Amino acid sequence: MVKKLFKHEVYALWRSMIPIWAILGGVSILGRFIQLFEQETVAYNIISGSAIFFYVVSLAACIVCPFVYAITRFHRNLFSGEGYLTFTLPVTAHQHILVKLAVAVMTQLVTLVAAALSVIIVTFGDLTVEIGKAIAYIFKLCVREWGAHLPLYMVEAGIGLIVLFAVETMLFYACICIGQQSKKNRILAAVGAYFGIYAIQQVIGTIALLVGAEIDWEPLWTWVAEHPFATVHIVLCGGIVLAALVGGLFYFISYRLISRRLNLE
Amino acid sequence: MSELLRCEELTKQYGKTTALNGVTFTLESGKIVGLLGPNGSGKTTLIKILNGLLTPTTGAIYIEGEKPGPSTKAKVAYLPDNVYLNTWMTVEQIVAYFADFYADFSMERAYEMLARLGISPKQKLKTLSKGNKEKVCLILVMSRQAKLYVLDEPIAGVDPAARDYVISTIINNYNPEATVLISTHLISDIEQVLDEVLFIRDGHLLLKKSVEDIRAEEGKSVDELFREVFRW
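Residue numbers (the working numbering), protein chains in the order written: chain A, 3 to 267; chain B, 2 to 233.
Think of the hints as simulated: they come from the structure by calculation, not from any bench.
One should not assume that every hint holds.
In silico DSBU-like pairs for lysine-lysine, Cα to Cα no more than 35 Å straight-line [said to hold, decoys possible]:
hint, chain 1, residue 1, chain 2, residue 2
1, B, LYS131, B, LYS68
2, A, LYS5, B, LYS17
3, A, LYS6, B, LYS17
4, B, LYS32, A, LYS186
5, B, LYS148, B, LYS68
6, B, LYS134, A, LYS9
7, A, LYS185, B, LYS134
Remember, predicted model here, so these are calculated numbers, not experimental data.
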């Protein structure tokens, strides 16, 4: 069932995303093509300026769209008329949420790759070589400084990015599920839930800062200075665990509300 | 005949409004049952709970001994009272979707019924008329070999010719070992196919009787009895 859900979810989400990726690709190629005719004329400046403008707009749309589409898809597929079909499939609430989350995160990652490719296309030529050289130089420096820790840092950062995407997406899923508990104005209630959760996060952060101010950090800073590599691992892994816990809480809220308090209009 | 559906003291409240109030009954396999009551009597609420789309406030409902969940959803074919299809899909995509998720779905039967109606599988659902969308929904549901068919107001808001189509589609395609639960307030159109009726009003179950018994004991048709019971 999960495979089937996954297949249909990818199709449903990517049918909206593929045109966006295609537009970004097209605008990037067009932008690079225009650069071939570089000249100091007003007409060229207008055309090239427009190309840059369209590129920036499509890049921004490309980055925002997967997130917006994933959230609207979650709402429409579960809580609008479509929910009558979705929730009568022989599938558990866990499977619904997990598949939607996995496809949303995967789409965001694919979009990151598409955005990186578009930058390569736009800067293709001498500039690409220069950027490549700069990246290679930075990488060499990192290898020299961090040695065997570098691959681990990269894995941890990669996992961190995926977890971050997942937590952000789960936050919105949880807000939508909370909003559905309202008798009317459910979308407005979801927005209210978002600000409510944001406020709670701020309060917790402030309390942590106040408590932190009372602690003597000197021994910790000494330890950090003596173990810089381990510190980075701890920060990265700790961040992942903390984010995963927060994401897990959002998941739990969404699951409970869907499985125990579903009230389709 | 074995027990298929059991409702135990089922109550559903929306705030201060009680949509269902302690409804208790059982249904056996192999029957066509009319869930009859005026608008707002609680029919749709009962059907939604049965399909796991609403959570009861108290009480429980069991399908072959199980509470609504993935395994009961594999046995229940549900036709809601609104068009619920993903309208961006084509007809063949929605057929494939049903075939993917329901092991008891027959693509062959679905295409046969679609062909009879002259609906092209390549057509987008959003380009279909409202009537044809409703017929596609019915075809999808009746192409399953389910144990329980739950049809919520399948003939409401359709012209008399379409009503005949809907009723004949149900009669000709349901699994004879299954039970069909049809919710409606248009009794006269459906009476001839019913084996049993449930009368529901203001969330209370008023009557559960076989059509035969109603005719023999009351000397009335179901439609006449309905009009008498639900007279304002």
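query = What are the numbers of the hints the structure violates, in ascending order?
reply = Of the numbered hints, 2, 3, 4 do not hold.
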